[in-house]
Every structure is written in structure tokens, then in C-alpha cells.
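J.: Here is how the chains run, residue by residue.
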Amino acid sequence: GQQLNQSPQSMFIQEGEDVSMNCTSSSIFNTWLWYKQDPGEGPVLLIALYKAGELTSNGRLTAQFGITRKDSFLNISASIPSDVGIYFCAGQWGETSGSRLTFGEGTQLTVNP
Amino acid sequence: GAVVSQHPSWVICKSGTSVKIECRSLDFQATTMFWYRQFPKQSLMLMATSNEGSKATYEQGVEKDKFLINHASLTLSTLTVTSAHPEDSSFYICSAPPGARETQYFGPGTRLLVL
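For the protein sequence lines, the chains are G and U, in the order given. Be aware that the first sequence starts at 1, since it is given in the numbering used here, and climbs by one per residue. Be aware that the second sequence starts at 1, since it is given in the numbering used here, and climbs by one per residue.
Everything labelled a hint here was simulated from the structure, so no lab data went into it.
Using C-beta positions, here's what the derived DEER-type ranges look like:
#, chain 1, residue 1, chain 2, residue 2, range
1, G, Ile28, U, Asp65, 32 to 40 Å
2, U, Ser73, G, Gln14, 48 to 56 Å
3, U, Ser54, G, Gln14, 45 to 53 Å
4, G, Ser57, U, Pro8, 36 to 44 Å
The structure presented is a predicted model; accordingly, all values stated were derived computationally and were not measured. Each residue gets a CB set at the ideal place from its N, CA and C atoms; glycine is no exception.
Using the sequences provided together with the hints, build the complete structure.
T.: Right under this line is the structure:
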């Protein structure tokens with residue numbers, strides 16, 4: 001089955017630093033998604049990518065859909081304490097709402113003030 | 001954005017009892033909803049796809065007789081953990097897409113603790 005490798009597993013950074021994390025897959029996806037999960041809560045959608053090569057920003061967040069459709073990265077610029085949490089990438093093969101998501105293992109981000 | 005709610009947010013039960021968790025789409029209709037389970041420090045694992053008006057589709061290794069799913073309306077799916085045991089203790093999260101070609105929005109999750 002499809003597998004997603006997300007790295008790094010954890011990051012400890014100082015406030016104001018930039019952060020980068022990425023996901024790679026053994027097979028292609030039609031959609032890449034990035035979610036953030038706070039403790040005890042459900043994941044919140046940050047960015048959705050629908051086309052190979054697409055680069056999309058959401059405030060201080062920027063994500064790209066790799067040309068090969070097998071990878072994606074998420075950058076966070078000028079990190080702040082509220083960026084703390086677990087970031088998950090997710091790939092979706094199908095183009096309809098019934099298509100399942102495959103999640104990466106997550107990146108735990110800690111921001112020191 | 002699309003809002004998905006879950007009830008209850010947490011539940012503690014005795015081993016052997018059954019627990020029902022509700023997932024509701026508050027401002028949209030969803031013919032499909034998804035149920036995930038997440039153990040501490042792990043990623044989300046898809047348990048089943050809930051289809052309105054038809055049987056749920058379960059992932060490999062998930063017992064359909066233990067995790068009963070009912071998607072009786074376009075805004076409500078329920079997951080019932082039957083004869084719960086301590087190993088069923090986990091964080092259960094549902095999701096739903098607000099449109100045919102839209103991505104999934106997640107509920108806030110339900111923490112289940114089986115004693």
C-alpha cells in the first residue's frame with residue numbers, strides 16, 4: 001500500500017526561525033494536504049495542493065506539491081510560540097470526496113520563546 | 001470553513017460496555033464521512049469510510065462487528081465501540097468533505113478511556 005515518510009520527526013527551534021518539513025511517498029498522489037494538530041484536538045487544515053508543481057501560501061506558511069507528485073514540503077517563516085504542535089502531511093489519490101487520505105507520521109514542532 | 005463536531009468529547013467506560021460516538025457536519029451535507037483512530041504519539045489511522053444510506057467500508061484489520069458504523073443522514077455518522085476493552089482506549093476522530101471535490105475537515109475528536 002501507499003506509505004508516506006515525513007521528516008523530521010521533531011524540531012526544536014527558537015522563535016523567529018524558519019522551519020521546513022517534508023513528505024515523500026512511494027507512489028503518486030493527486031492531492032497533498034498539510035494539517036496541524038494541537039494536543040487533544042482534531043487536525044486543522046492548513047494548506048491543500050491540487051496540481052503538481054503548485055506552490056501555495058497561507059500567511060507565514062508555504063507548501064509545494066512536488067513535480068513528481070511523490071513529495072511535498074511545508075515551510076513556516078518567522079516562527080512564533082503558537083506554531084507549536086504536530087504537523088501532518090496527507091496524500092489523497094482520488095479526486096472525489098470519497099477518496100481516503102494517507103497520513104505521514106507527523107512532525108512535532110517546539111518553539112522556544 | 002466547514003465545521004464538523006463530535007460528541008462526546010471524552011468518555012470513560014467500564015470494560016465490556018458499548019460506547020457510541022457521534023460525528024456531525026454542522027453547515028454542510030456529507031454523503032461520506034471517515035473515522036480515524038489515533039494512539040498517543042502516533043499518526044491517524046483510517047478505520048472505515050462511512051457512506052450515507054449504505055454499509056461502511058472498513059480498512060483491513062478493523063473488525064466491523066466491533067466498530068459499528070451508522071450513517072443514517074447526510075449530517076450524522078455514528079461509531080459504536082461494542083464490548084469495549086482497555087486496548088480500545090484511543091482518540092477517535094471523524095472527518096467529512098463538504099463537497100464532491102473538496103478535501104476533508106476534521107472533528108475535534110473523542111477521547112475514549114476503557115477501564
